[in-house]
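Asker: What follows is the residue order along each chain.
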Amino acid sequence: MPTVHIDQSQVVFEQVATKDTDGSDVDTLAFVVPVIIPLDQVPAWEAAYDPSSSSSPLAPDSRIIARAVLDGMKAAAEGD
Amino acid sequence: MSGIVPAFDPATGAPGGPAGGGSTAPGLTVANRTNGGGYTVTAGARSLSISNPDAATLSTTVTKASNNSTVTVTGNTSTTPSWTAPGGGTDGESVQVKVTATKGGLTTTVAFTERVIATGLQDIALDEIDLTDGTWTLSDPDGLVDTVTFASGENTVTFNTVSGSSNYNIASGTNFRGPRWYKLLSISGQQATTAMPIVLVTRIEPDKSSGSDFNQRHVIGTSFDPTATVTNTINGAGAGWQINSGSTTIQMGAWTRSAVNLTTNSLNQRQVMASLRGFESLGSPSFLNLRSNDVCVGTGARNSNATAIGGAGANLYVMVALGTATNTAGTTAGDQAIFRASFVASSYTGI
Chain H
0 MPTVHIDQSQ VVFEQVATKD TDGSDVDTLA FVVPVIIPLD QVPAWEAAYD PSSSSSPLAP
60 DSRIIARAVL DGMKAAAEGD
Chain A
0 MSGIVPAFDP ATGAPGGPAG GGSTAPGLTV ANRTNGGGYT VTAGARSLSI SNPDAATLST
60 TVTKASNNST VTVTGNTSTT PSWTAPGGGT DGESVQVKVT ATKGGLTTTV AFTERVIATG
120 LQDIALDEID LTDGTWTLSD PDGLVDTVTF ASGENTVTFN TVSGSSNYNI ASGTNFRGPR
180 WYKLLSISGQ QATTAMPIVL VTRIEPDKSS GSDFNQRHVI GTSFDPTATV TNTINGAGAG
240 WQINSGSTTI QMGAWTRSAV NLTTNSLNQR QVMASLRGFE SLGSPSFLNL RSNDVCVGTG
300 ARNSNATAIG GAGANLYVMV ALGTATNTAG TTAGDQAIFR ASFVASSYTG I
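In order, the protein sequence lines correspond to chains H and A.
Numbering-wise (numbering that gives the first Met the number 0), the first sequence opens with residue 0 and increments by one.
Numbering-wise (numbering that gives the first Met the number 0), the second sequence opens with residue 0 and increments by one.
Just so you know, the hints here were simulated from the structure itself, not pulled from any lab data.
No false leads were slipped in.
Ranges between beta-carbon positions, derived for each pair: (1) H:57 - A:328: 36 to 46 Å; (2) H:76 - A:116: 50 to 60 Å; (3) A:287 - H:74: 16 to 26 Å; (4) A:136 - H:39: 45 to 55 Å.
Where a beta carbon is used, it is the ideal one built from N, C-alpha and C, also for glycine.
Take the sequences, apply the hints, and build the full model.
Answerer: See below:
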């Protein structure tokens with residue numbers, strides 16, 4: 000199962016005004032959580048994801064990213 | 000022989016008046032200074048001790064060599080005039096001091112130069128941004144600016160009425176049509192270019208004495224195409240700040256091209272930002288947000304992620320661009336943006 004990491008010391012709470020992946024505007028107060036995808040994990044993640052399928056990636060794979068991001072956010076929000 | 004005979008010669012102090020009875024220029028000496036001399040001093044308090052044996056009318060003037068501006072002299076008609084020698088900055092400075100004694104239509108002058116040594120790389124002073132000083136050019140594609148004034152270090156820009164649009168939000172959409180002031184970026188007299196590795200340092204201090212008139216978001220930084228209306232063609236990087244309508248909380252942070260990252264704190268008062276660029280690429284501005292008591296309450300940076308942006312050695316400009324923080328709310332006539340700002344840039348070789 001592929002992995003990701005969080006650059007925890009770089010998690011910040013700020014006003015960020017930028018562009019989303021699809022080019023749309025993002026302009027909000029937010030936690031910015033940098034996700035580290037090791038290069039050797041990229042093929043596995045790409046294989047696990049089909050943008051045209053609404054059920055992709057599978058729940059277990061999704062949970063890996065979700066938990067990492069939410070742990071990063073939670074730690075920052077709680078001042079850990 | 001008739002008339003009044005002086006009791007002593009004012010030039011020599013000898014009794015009986017000047018030899019031959021002719022007029023003589025008043026005596027004048029300045030302690031440790033000679034006419035035509037050159038001296039090195041340190042920045043800060045300066046004073047002279049003048050000997051004025053003939054009780055002539057004294058005048059001391061001090062002029063900066065860099066721009067011929069006058070330095071205020073306290074007690075300029077006394078025998079102990081004083082002034083504040085300017086800082087040497089990175090290039091050094093000098094002042095011309097001229098002391099004159101006038102009596103009976105005759106004048107004696109002692110003039111000399113005092114050189115203030117450069118401070119080198121320590122304590123580099125930033126240049127205050129005065130948008131009205133004649134060095135800045137305003138590009139305002141849609142006529143948002145009504146007036147701009149400068150007083151007590153603050154720029155006050157008063158806006159016309161304009162409807163909300165992504166065109167005035169530098170972090171939205173692909174176009175930016177907000178007003179921007181710009182001028183060529185000179186580093187100790189050398190024109191900065193996109194090829195040259197440089198660091199721009201800015202200080203911003205938005206006015207938050209009253210609630211913001213509108214959702215405002217502004218930037219200060221470098222660009223080689225400051226009049227462009229396509230945001231990424233401006234290719235700017237530097238500092239940004241935002242104050243939401245009705246709020247006195249300043250958000251301050253970093254700006255790269257069409258994005259900003261700003262940290263929010265109700266105690267934010269001012270910011271120092273450093274932004275590297277060169278080799279036809281943008282660097283990543285970083286910043287410290289400060290309280291009024293010098294405590295830092297926020298740090299941050301934004302990766303420009305922008306290499307090989309072009310420019311081909313084009314001249315760089317420093318730019319102050321004003322706009323809105325939302326796409327739906329514009330400005331109404333009389334809305335104001337008020338801020339202090341300053342900047343300095345340095346360049347490097349051998350990299």
